[in-house]
Structure formats: structure tokens, C-alpha cells
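Residue numbers (the numbering used here), protein chains in the order written: chain D, 113 to 460; chain F, 3 to 310.
Some clues are possibly wrong.
[To be verified] Using C-beta positions, here's what the derived DEER-type ranges look like:
(1) D/224 / F/142: 26 to 34 Å
(2) D/187 / F/300: 35 to 43 Å
(3) F/142 / D/356: 31 to 39 Å
(4) F/297 / D/258: 50 to 58 Å
(5) D/423 / F/89: 48 to 56 Å
(6) F/143 / D/150: 38 to 46 Å
(7) F/165 / D/431: 35 to 43 Å
I should point out that these hints are in silico values taken from the structure, not numbers from a laboratory.
Glycine included, every Cβ here is placed at the ideal spot set by N, Cα and C.
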Amino acid sequence: MTRTAKSWIASATLGLAALILAQPASAAGELKIYNWFDYMPQELLDKFAKENDVKVTMDTYDSNETLLARLKAGVKGYDIAVPGDYMVAILIQEGLLEKVEPNQMSNFKNVKKDIVDVYFDSGRHYSMPYQYGTTSFMVDSTVYSGNIDTLGILFNPPAELKGKVNVLKDVNEVVNAALRYLGFPRCNSDPAQLKQVNDLLIASKPNWLSFNSDGAKEVLVSGDAAAGMIWNGFGLRARQEKASLKFAYPKEGLTMFMDNIVVLKGAPNVENAKKFMNFMMQPENAAALTNFAMYTAGVEGTGPFLSDVLKAAPEVNPPAGATKPELVPPCDPKVVKLYDQIWTNLLK
Amino acid sequence: MAGAIGIGISGETGSPRNAIGRGRAMLLSPALLTILFFLVCPLGFVLVYSFLTSGTYGGIEWIFSTDAYVQFLFERDIFSQELLFSNAYLSIFGRSFLQALAATMACFAIGFPTAYFIATRPPSQRSAWVFLVTVPYWINLLIRTVSMLFIIRDEGPINYALIAIGIVDEPLRIAYTDFAVGLGLVYSYLPFMVLPIYAAVERFDFRLMEAAYDLYAGKWTILTRIILPITRPGIVAGALLVFIPSLGSFIAPDLLGGGKNLMIGNLIALQFQGSRNWPFGSAAAVILMTIVLVVLVIFARRQARQRV
């Protein structure tokens with residue numbers, strides 16, 4: 113007993129020593145990233161750390177709203193965040209971003225021309241494109257084999273899918289889907305129409321299994337849910353684990369999102385953050401990210417580095433005739449309040 | 003605590019008694035300062051915030067308002083803008099109380115026999131049993147809760163076993179229900195019930211039981227009229243230790259309940275995250291705290307009266 117204990121302690125000590133030695137003795141600088149969950153391959157962070165002699169750490173969040181709430185709560189110390197399109201507009205308006213002029217960086221020439229003058233940051237003074245994609249839902253074709261290209265799957269599910277639907281824990285994604293299903297405009301403050309949205313959501317809730325964003329893939333792969341809202345790249349990864357999952361292009365419409373790297377106001381390591389932006393605009397690195405996250409890169413020239421999986425995937429290559437996805441701008445504060453009211457009412 | 007401060011600051015200096023008092027005050031000061039700084043101050047903020055106006059994108063504006071408390075009971079109709087009584091938040095509180103109460107009773111039902119069993123082992127074995135009770139606590143609550151989800155899900159081992167032995171044809175829906183939340187709460191807080199009851203039963207003088215048998219008392223009578231009354235302080239402590247954290251829990255409802263039915267903890271968390279309404283989150287926290295305090299005071303009074 114004592115002998116085993118001793119050898120156990122010895123090996124533990126050795127292991128610990130090895131761990132300590134394996135750490136870079138002392139990196140020249142630091143970079144702290146606040147990113148969406150499951151949205152960045154570790155190898156890419158390691159590569160950046162090695163090339164620039166920087167210690168990189170990353171924390172994660174599960175919605176644009178959580179990011180905003182944390183920043184407004186005065187959370188400090190992060191250099192980089194990855195907000196979606198409308199959230200970039202809000203963060204700029206709230207003075208939470210550092211104007212680092214990515215458009216002056218050496219790799220900016222690689223950015224796709226049509227996403228330079230975007231509404232949320234025209235000319236790209238604050239942000240550079242990270243990944244873009246669509247938000248829709250998937251259905252397990254072994255459970256339900258009918259037509260899935262309608263939001264009725266979520267709001268009026270066929271018998272096979274009742275009680276087996278997961279929706280994203282994200283007020284905008286859910287309310288926007290409901291608005292599309294009812295044929296109402298987005299960023300809506302019409303009380304009569306919002307009342308209908310509210311009633312639709314309340315009526316749909318008994319058919320839903322759960323509200324889950326970071327588990328959106330897991331819940332489909334495990335079979336707990338047979339239909340679930342999901343972002344296209346995450347959905348592609350889900351299909352790799354469960355081939356019977358089919359990504360829907362609902363005829364009523366779907367959301368396009370565009371995530372961006374930004375530098376936060378008061379970032380302790382602005383220079384490293386700018387280096388990271390430039391690093392991510394290099395086609396090879398943008399491709400490594402795309403091969404992991406499986407959305408679409410905002411940078412040209414990634415083609416030769418992309419994995420074959422992406423080339424034919426219906427999740428990232430919409431079939432002919434599929435509805436065109438739509439970017440939803442940030443809504444008026446009054447509308448935001450109404451949406452929040454509907455959301456809390458739904459979750460009560 | 004109040005008594006200790008009294009000893010420290012009252013009376014004249016110089017006497018040995020006072021020196022002891024000062025010493026005690028010094029010893030207590032780290033704890034008192036910690037409580038003052040990390041408990042009283044944040045609670046003060048919460049109270050102040052609950053009477054302010056919320057900023058559009060989170061944060062607060064320094065404008066006095068009782069909206070947060072009004073919102074708790076009334077909602078402004080989206081349709082007509084008039085204030086209507088709404089039980090939305092009351093129902094969240096109601097659900098939380100029922101869940102916490104159910105968890106407490108289940109913990110008692112499982113915990114009391116367990117504690118009794120441990121306390122009646124030979125003294126040399128008891129610490130080993132107590133040690134076993136605490137083993138799950140070596141693992142983070144979040145990880146334990148997620149593991150629970152893996153076990154109870156449709157394609158998890160429980161349903162697999164039930165189908166294999168032919169009790170059910172299709173998976174029993176356990177995950178993502180209120181029952182799963184209760185299961186999670188019981189699993190999370192069971193040791194809080196076992197340990198105080200164990201401490202009480204261990205001190206129980208078993209000669210009282212022999213005396214009762216001699217007087218022809220049945221097993222049920224002995225349990226209800228001797229063991230339970232004497233171990234009551236342990237039971238009350240255990241019940242409070244399970245009930246209060248269950249009331250505010252938010253991991254179990256979020257993960258095991260699928261985030262579908264909010265409990266108070268989730269409601270408060272939501273106000274500081276997605277909904278960005280700090281004053282309302284603060285008000286909900288203040289209301290919860292007040293209710294808990296009132297319950298505790300009533301309890302303490304009744305206990306004190308019974309002791310006299």
C-alpha cells in the first residue's frame with residue numbers, strides 16, 4: 113500500500129513537473145479572447161501563440177445578448193470578441209469597441225469585397241469578418257420524412273415531431289422565426305402583430321422539448337430532439353455525427369448572420385489583438401477556422417485549403433430555389449423591450 | 003454574532019474580562035469584515051438597483067423608480083398598454099417553492115434512514131460512511147448535473163434497461179421535465195440533509211429506546227415520539243440547508259428541465275443576461291430574500307417557543 117502510494121506520488125510529481133515544463137517559459141505577451149462556444153479550433157490558437165510568442169486564453173458565451181450583458185456589466189480584461197452583425201452596430205453605438213482600422217491591415221486585401229461596406233461597420237473601421245452563415249433548423253429524416261422546408265415544423269409540428277423540438281435559447285432567432293411564419297416584418301413594434309407572435313409562441317411551447325443553444329447539436333445527435341433550430345455550420349457538424357439529419361431552407365425565410373472579430377474598448381493587449389485580426393485574414397488561417405466551424409469564411413482564397421466535406425454540403429451550399437437568407441438589423445430600443453417581454457413571458 | 007460584538011465594545015478597558023472581550027473581537031474581525039464587505043455591500047447594491055430604471059442595453063440609469071416591483075405583479079399589456087394583474091412571476095415563485103419543498107421532502111425520506119444507518123454503525127466505521135456521502139462533492143456540480151442528463155435521457159441507460167426488460171415499449175420521457183429538475187435537486191443537495199441528521203442521531207441516547215420498549219412502546223411510537231422529536235434540530239437544519247439552495251438553484255432547471263420552465267434562479271439570471279433588466283432582476287432577488295428571511299424568522303420563533 114505505502115509502496116504504491118509512494119510510486120503514485122512520484123509519478124504525479126513527475127507529471128506535474130512535465131506539465132510545468134511544457135508551458136512556454138514566459139510568453140512575451142497575452143491575448144484574451146471572448147468567443148462563441150465551439151467556434152475556434154485550438155490548433156489555430158496554438159499557431160498564433162507560437163508565431164507571436166503570445167499566451168492565448170479563450171472564454172465562451174452562448175448568445176450575442178450574453179456578450180452584451182457581460183460587457184455592460186463591466187467585465188474587463190478581454191481583448192477580442194466575436195459579435196454578430198447587429199451586435200457590432202450596438203457595441204459601436206454603446207462605445208464598447210476600439211477603432212482599430214482593420215481596413216489598414218496588410219491582409220485586409222483578402223476580405224471579400226461585398227462584405228467590406230456592411231451596414232453595421234461601413235468600410236470596416238472596427239471589425240473584420242470571421243464567419244458567416246444562416247440560422248435555420250434540422251429534422252431527423254428517420255423520424256419525419258415529409259417536407260421540412262417550412263417553419264411549420266417548429267410552430268405547428270407534425271405528430272411525429274411533437275414534443276421533440278429544440279429551439280435556440282436566443283430571443284431574436286425565435287421571435288424572428290415566429291414573425292416570418294406569420295408573415296410579419298422584422299423589428300416589429302406593431303402591438304397587434306406582436307400579440308399574435310406572443311400567442312403563437314405560447315401555443316407552440318408544449319410541442320417543444322427544450323431551449324438550448326450550446327447543446328443544439330448534441331440534443332439532435334443524441335436523439336433527444338428529432339427537430340431543432342441550429343446554425344448551418346453547427347448543423348453540418350451534427351450531420352457528420354448523425355447522417356439522417358436534414359437542414360431545412362424554410363420557404364418563409366431564414367436569418368443570415370455575419371460574425372466579426374472586434375477589439376474591445378480598453379483591451380489590455382491591443383497590439384496583439386490587431387495582430388490576431390490580421391492573422392485571421394490570412395486565407396490559410398481563415399480556411400482552418402472554416403474547416404472547424406464549417407460556416408463560410410469572409411476571406412477570398414480559402415478554396416485550396418478547404419476540406420471536401422464543405423464543397424458538397426447542403427448546409428453551406430443552398431439548393432437552387434432556396435429562400436434567400438436575410439440579415440436582420442438591430443431593432444429600436446422600444447422593440448427590444450417588447451421582444452424581451454415576450455421572451456420572459458414565454459419562459460415563465 | 004451581535005452578542006460577540008457587544009462583548010467587544012461594551013464596558014471599560016483594563017479589566018481581564020475586557021481583555022478577553024477585545025481578543026474575541028479581534029478574532030472575529032476577519033469574519034465580520036468579510037461578511038460586511040462581501041455580503042452586506044453587494045446586498046446593498048441589489049437593494050438600491052431594484053429601485054432604479056433599467057438602461058436599454060443593460061446597466062441602470064440613476065432615476066428612482068418602483069417599476070421593477072410593479073412589474074412583478076402587473077404587466078403592461080402589449081396590446082392596450084394598460085396595467086393588468088399578471089401571475090407570470092408569481093407562478094415562477096410558486097413553482098420554485100413547490101420544487102424546493104418536494105426536493106426537501108424527498109431528501110428527508112432518503113436522508114433520514116441513511117443518517118440513522120450511519121449513526122448506528124460501530125464508531126470505527128462511521129467516519130468511512132460519512133466520507134462516502136461526501137464523495138460526489140469532489141466533482142463539480144455542473145458536471146454531475148450533465149452526467150445525470152446522460153443517464154436519464156431517452157437513449158440513456160435507464161431507458162435502455164427499462165426497454166430491455168420490457169417494462170416500457172418506448173423511452174420514458176424523464177429528461178427535460180419538472181420531474182428531472184426535482185431529481186437533480188435531490189441528487190445535488192442530499193448530503194446537506196444526511197450530515198446534520200447524522201450529527202443529531204449520533205448524539206441520541208439509545209438507552210431511551212430500551213426504556214421505551216420496556217414500557218411497551220411500539221416501533222412507530224418510538225420513532226414518532228422519541229427519535230424524531232429529539233433529532234428535530236438536525237432535521238430542521240437539514241431541511242433548511244436543502245430547501246434554501248433548491249429555491250435559488252438554476253443549473254438543474256436549465257440543464258435537466260431543458261430551460262423550458264424557469265425557476266427563480268433562472269428568472270434572476272435571465273434579467274442579468276438576455277433580458278438585461280437589472281432593476282427587475284434585483285427586485286426579484288430582494289423579494290426572494292425577504293420571503294426566505296420571513297420564513298426563517300417564523301421558524302426560529304416557533305422553535306424558541308417550543309423550547310421554553
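Against which earlier hints does the structure fall short, listed by number upward?
1 and 6
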